[in-house]
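With the hints as your guide, set chain B onto chain A.
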Amino acid sequence: MTEAAFIDIDGGQVRLRGDWTIANYAALAPDVARQRSRIADVADVDLGAVGALDTAGVSLLHDLLGRDRLAALASDASALPPERRALLQAVAGVIDAAAPAPRAAGYAFGDIMERAGIAMLAFWRHVIDIAGFIGITLETSFHVLLRPRRWRITSLVANLERTGLDAVPIVALLTFLVGAVVAFLGATVLTGFGASIFTVDLVAFSFLREFGPMLTAIIVAGRTASAFTAQIGSMRANEEIDAIRVGGLNPVELLVVPRVAALLLALPMLSFVAMISGIVGGMLVCALTLEISPTMFVSVLESHVGLRHFIVGIAKAPIFAFLIAVIGCLEGFRVEGSAQSVGEHTTSSVVQSIFIVIVVDAVAALFCMEMGW
Amino acid sequence: MTNVIEVRGVRNQFGRQVVHDGLDLDVRRGEILSVVGGSGTGKSVLLRTIVGLNRPAAGSVSVFGEDLLGLPAARRAAIEQRFGVLFQKGALFSSLTVAENVALPLVEHAGLKAAEAARLAALKIALAGLPANAGEKYPADLSGGMIKRAALARALALDPDILFLDEPTAGLDPIGAAAFDELILTLRDALGLTVFMVTHDLDTIYTITDRVAVLAQKRVLVNDRLAVVADFDDAWIREYFHGPRGRAAAQAVPPAQRAPHNLSHGGQA
Numbered sequence: 001m002t003e004a005a006f007i008d009i010d011g012g013q014v015r016l017r018g019d020w021t022i023a024n025y026a027a028l029a030p031d032v033a034r035q036r037s038r039i040a041d042v043a044d045v046d047l048g049a050v051g052a053l054d055t056a057g058v059s060l061l062h063d064l065l066g067r068d069r070l071a072a073l074a075s076d077a078s079a080l081p082p083e084r085r086a087l088l089q090a091v092a093g094v095i096d097a098a099a100p101a102p103r104a105a106g107y108a109f110g111d112i113m114e115r116a117g118i119a120m121l122a123f124w125r126h127v128i129d130i131a132g133f134i135g136i137t138l139e140t141s142f143h144v145l146l147r148p149r150r151w152r153i154t155s156l157v158a159n160l161e162r163t164g165l166d167a168v169p170i171v172a173l174l175t176f177l178v179g180a181v182v183a184f185l186g187a188t189v190l191t192g193f194g195a196s197i198f199t200v201d202l203v204a205f206s207f208l209r210e211f212g213p214m215l216t217a218i219i220v221a222g223r224t225a226s227a228f229t230a231q232i233g234s235m236r237a238n239e240e241i242d243a244i245r246v247g248g249l250n251p252v253e254l255l256v257v258p259r260v261a262a263l264l265l266a267l268p269m270l271s272f273v274a275m276i277s278g279i280v281g282g283m284l285v286c287a288l289t290l291e292i293s294p295t296m297f298v299s300v301l302e303s304h305v306g307l308r309h310f311i312v313g314i315a316k317a318p319i320f321a322f323l324i325a326v327i328g329c330l331e332g333f334r335v336e337g338s339a340q341s342v343g344e345h346t347t348s349s350v351v352q353s354i355f356i357v358i359v360v361d362a363v364a365a366l367f368c369m370e371m372g373w
Numbered sequence: 001m002t003n004v005i006e007v008r009g010v011r012n013q014f015g016r017q018v019v020h021d022g023l024d025l026d027v028r029r030g031e032i033l034s035v036v037g038g039s040g041t042g043k044s045v046l047l048r049t050i051v052g053l054n055r056p057a058a059g060s061v062s063v064f065g066e067d068l069l070g071l072p073a074a075r076r077a078a079i080e081q082r083f084g085v086l087f088q089k090g091a092l093f094s095s096l097t098v099a100e101n102v103a104l105p106l107v108e109h110a111g112l113k114a115a116e117a118a119r120l121a122a123l124k125i126a127l128a129g130l131p132a133n134a135g136e137k138y139p140a141d142l143s144g145g146m147i148k149r150a151a152l153a154r155a156l157a158l159d160p161d162i163l164f165l166d167e168p169t170a171g172l173d174p175i176g177a178a179a180f181d182e183l184i185l186t187l188r189d190a191l192g193l194t195v196f197m198v199t200h201d202l203d204t205i206y207t208i209t210d211r212v213a214v215l216a217q218k219r220v221l222v223n224d225r226l227a228v229v230a231d232f233d234d235a236w237i238r239e240y241f242h243g244p245r246g247r248a249a250a251q252a253v254p255p256a257q258r259a260p261h262n263l264s265h266g267g268q269a
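Order-wise, the sequence lines are chains A and B. Just so we're aligned, residue 1 is where the first sequence starts under full-length UniProt numbering, counting upward by one. Just so we're aligned, residue 1 is where the second sequence starts under full-length UniProt numbering, counting upward by one.
No wet-lab data here; the hints were simulated from the structure. Careful: at least some of the hints might be erroneous.
[Unchecked claim] The calculated lysine to aspartate or glutamate pairs, modelled on EDC-like cross-linking and capped at a C-alpha distance of 20 Å, are:
{"id": "1", "chain 1": "B", "residue 1": "Lys218", "chain 2": "B", "residue 2": "Asp26"}
{"id": "2", "chain 1": "B", "residue 1": "Lys113", "chain 2": "B", "residue 2": "Glu100"}
{"id": "3", "chain 1": "B", "residue 1": "Lys89", "chain 2": "B", "residue 2": "Asp173"}
{"id": "4", "chain 1": "B", "residue 1": "Lys218", "chain 2": "B", "residue 2": "Glu80"}
{"id": "5", "chain 1": "B", "residue 1": "Lys89", "chain 2": "B", "residue 2": "Asp141"}
{"id": "6", "chain 1": "B", "residue 1": "Lys89", "chain 2": "A", "residue 2": "Glu240"}
{"id": "7", "chain 1": "B", "residue 1": "Lys218", "chain 2": "B", "residue 2": "Asp233"}
{"id": "8", "chain 1": "B", "residue 1": "Lys113", "chain 2": "B", "residue 2": "Glu136"}
{"id": "9", "chain 1": "B", "residue 1": "Lys218", "chain 2": "B", "residue 2": "Asp234"}
{"id": "10", "chain 1": "B", "residue 1": "Lys89", "chain 2": "A", "residue 2": "Glu336"}
{"id": "11", "chain 1": "B", "residue 1": "Lys89", "chain 2": "B", "residue 2": "Glu100"}
{"id": "12", "chain 1": "B", "residue 1": "Lys137", "chain 2": "A", "residue 2": "Glu344"}
{"id": "13", "chain 1": "B", "residue 1": "Lys113", "chain 2": "A", "residue 2": "Glu336"}
{"id": "14", "chain 1": "B", "residue 1": "Lys218", "chain 2": "B", "residue 2": "Asp24"}
{"id": "15", "chain 1": "B", "residue 1": "Lys218", "chain 2": "B", "residue 2": "Glu239"}
{"id": "16", "chain 1": "B", "residue 1": "Lys137", "chain 2": "A", "residue 2": "Glu336"}
{"id": "17", "chain 1": "B", "residue 1": "Lys113", "chain 2": "A", "residue 2": "Asp201"}
{"id": "18", "chain 1": "B", "residue 1": "Lys89", "chain 2": "B", "residue 2": "Glu167"}
{"id": "19", "chain 1": "B", "residue 1": "Lys89", "chain 2": "A", "residue 2": "Glu239"}
{"id": "20", "chain 1": "B", "residue 1": "Lys137", "chain 2": "B", "residue 2": "Glu167"}
{"id": "21", "chain 1": "B", "residue 1": "Lys218", "chain 2": "B", "residue 2": "Glu31"}
[What the hints assert, rightly or not] Looking from chain B toward chain A, a few residues come up when the C-beta cut is under 7 Å (computed):
{"id": "22", "residue": "Ser95"}
{"id": "23", "residue": "Leu96"}
{"id": "24", "residue": "Val107"}
{"id": "25", "residue": "Asp189"}
Bear in mind the structure is a predicted one, so any value in this text is a computation, not a measurement. The C-beta atom is built at its ideal place from N, Cα and C for all residues, glycine as well.
For reference, chain A alone in the conformation it holds in the complex:
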């Protein structure tokens, strides 16, 4: 459909033929670079045989002929029809402005130091942001707590359903499987010592104290922190947060407090589901491989495992919940208007909340061990 384009040089005249269009650009560009110097002082340029011409073609003409001859062609009424001159003028008028500015030269070692410094500073600011946001959230929460008329029950219940009820199947299934795996490990190792009955203790202790709340918190961090960030982040990208502010409302009260409250209620309940379902998983493996019947399993559970283990475990759930919700919401508020930014902050919120959950859990385990709880 497009014709090839040519540059003919005939003594004192340059004749251009064919379609000078984007389709021929890649083929023409090396030709143009080669012929440019040869025709530097040829004044007589004939565009009469040029077929189609577009802005890419004019850009090549500019490269070939230079600015002055292009301008001369554009203003010479006899040589070209008016619409073609209009195109030449339009492109010639802007082509100097289009010249790319030279990039500042880099300096490798300095750049590395600069990047490291910027990263450190960003991290420090981020820590301050989290602390500040926790403060704002607590302050607003107490403020709202004292005024029952400002409780947003609808929002709370909706969030409770999304973060709690909807997560029950995945939490139950995953902890059931992990419970079974832990029981298998116990069965393999403890049977060698003739202590296979202690598999019950292993499953119960690990799920009540650690795995129940921590696995749930990690699943919820992946599922809910990301959802909070994406919800608030797209509201921010869409200027909805600004609209809330301008409307005299408090976005923290409207968006953050119901989410934090919902997760504070949902995560302990989910943790309880996780404990039960993990222990059931272990019970099943015990019944199938160790010939410990569920009745025996439950009676061992009653005699060996005290209530305090359950309390130590379930007490961590609200702490995890608060941290996950706060990080998820804060990352949402840090979004800067583009889809890319929503994605980056969603990733960041999941990574941060899983990180903080594991760190807090490790610190809590050390603390409880030292305290003898």
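Chain B only, in chain A's frame:
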């Protein structure tokens, strides 16, 4: 004049809501056609139907004489490469800089090397009236008017045959809007573009439009030169063109200057 786009008997409906029913529209080669209509009359839906983003429930859309709905995907993609579309909110890729946005089709479809594509992209960006340093910015850092211009630069990247503009001057200041009109006129005259434009801007309609199509009652009520459309006997059209804003726009542009293919505009963009 030949028709580049022929829409015949198109029916669009979303659930129970029928937007178009038996809609016919011709777009002629080299013209600037403005599509006007009240809110909810499906102007943008019509544009999306022609560029292939929305499949009509009935009817046919032919472009360059080929029925788009019946073509195999590859042939259709080749035709769609000859479209340039300026979306209402720009729809720039937010993860790329403006220059990368414009260079993307050049690299992907025209097979240019990165350096050549960057040079041509810079030219398009300048053609669209953006300053040279705009190329390295991300869409999130641009103002509304600059986003429109950057999106126009991307729409023009492959030197399309048909340019679709969805509310091109909405959100621009009057000076910017006038310059945008001039720019579209220059490009149309220089490149032989056909322009399909959805607009509410009466100044644009009076200064650069060749023909106007009015969408109402689920079809194209009238599709003709501005003078004919403005005198059409319909309450909405009368209100539109002879209301206070319509009168002001008409007075600002005396009929003598309103000639189509007005080449004296060329080169001033």
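Hints versus structure:
1. Proposed proximity of Lys218/B and Asp26/B is supported: the alpha carbons are some 16 Å apart, at most 20 Å.
2. Restraint check for Lys113/B and Glu100/B: satisfied, since their Cα atoms lie roughly 13 Å apart, inside the 20 Å limit.
3. Simply put, Lys89/B and Asp173/B have alpha-carbon atoms about 16 Å apart, close enough for the 20 Å limit, and the pair holds.
4. Proximity of Lys218/B to Glu80/B is assessed by CA-CA distance (about 26 Å); at most 20 Å being required, the pair is judged violated.
5. Distance restraint check for Lys89/B and Asp141/B: the Cα-Cα separation of roughly 14 Å lies within the 20 Å cut-off, and the hinted pair is therefore satisfied.
6. For the suggested pair Lys89/B and Glu240/A, the alpha carbons sit about 17 Å apart, so the restraint of at most 20 Å is met.
7. Between Lys218/B and Asp233/B the CA atoms are separated by roughly 17 Å; this keeps the pair inside 20 Å, and the hint holds.
8. About 18 Å separates the Cα atoms of Lys113/B and Glu136/B, which keeps this hinted pair within 20 Å; it holds.
9. A threshold of 20 Å between alpha carbons decides the hint, and for Lys218/B with Asp234/B the separation of about 15 Å falls inside it, so the pair holds.
10. At most 20 Å may separate the alpha-carbon atoms for a hinted pair to count; Lys89/B and Glu336/A meet this at roughly 17 Å.
11. Distance check on the hinted pair: Lys89/B and Glu100/B sit about 18 Å apart at the alpha-carbon level, within 20 Å; holds.
12. Our distance criterion of 20 Å between C-alpha atoms is met by Lys137/B and Glu344/A, whose separation comes to about 19 Å.
13. For the hint pairing Lys113/B with Glu336/A, the CA-to-CA distance comes to about 32 Å; that exceeds 20 Å, so the pair is violated.
14. A hinted pair counts as satisfied when its Cα atoms are at most 20 Å apart, and Lys218/B with Asp24/B qualifies at roughly 10 Å.
15. A C-alpha spacing of about 19 Å is found between Lys218/B and Glu239/B, which places the hinted pair at or below 20 Å, so the restraint holds.
16. In summary, the hint linking Lys137/B to Glu336/A is supported, as the alpha carbons are separated by about 14 Å, within the 20 Å threshold.
17. For the given pair, Lys113/B sits about 67 Å from Asp201/A by alpha-carbon distance, which is inconsistent with the 20 Å threshold.
18. Between the alpha carbons of Lys89/B and Glu167/B the distance comes to roughly 9 Å, so the proposed pair stays at or under 20 Å and holds.
19. Distance hint between Lys89/B and Glu239/A is fulfilled; the C-alpha atoms sit about 14 Å from each other, no more than 20 Å.
20. Restraint check for Lys137/B and Glu167/B: the C-alpha separation of about 23 Å exceeds 20 Å, so the hint is violated.
21. For the given pair, Lys218/B sits about 24 Å from Glu31/B by alpha-carbon distance, which is inconsistent with the 20 Å threshold.
22. The criterion of a C-beta within 7 Å of any C-beta in chain A is met by Ser95/B, whose closest approach is roughly 4 Å, and the hint holds.
23. Here the hint on Leu96/B is broken, as its CB sits about 9 Å from the closest CB of chain A, past 7 Å.
24. Because the beta carbon of Val107/B sits about 11 Å from the nearest beta carbon in chain A, more than 7 Å, this interface hint is broken.
25. Look at Asp189/B: its Cβ gets to within about 5 Å of chain A, closer than 7 Å, so that hint holds up.
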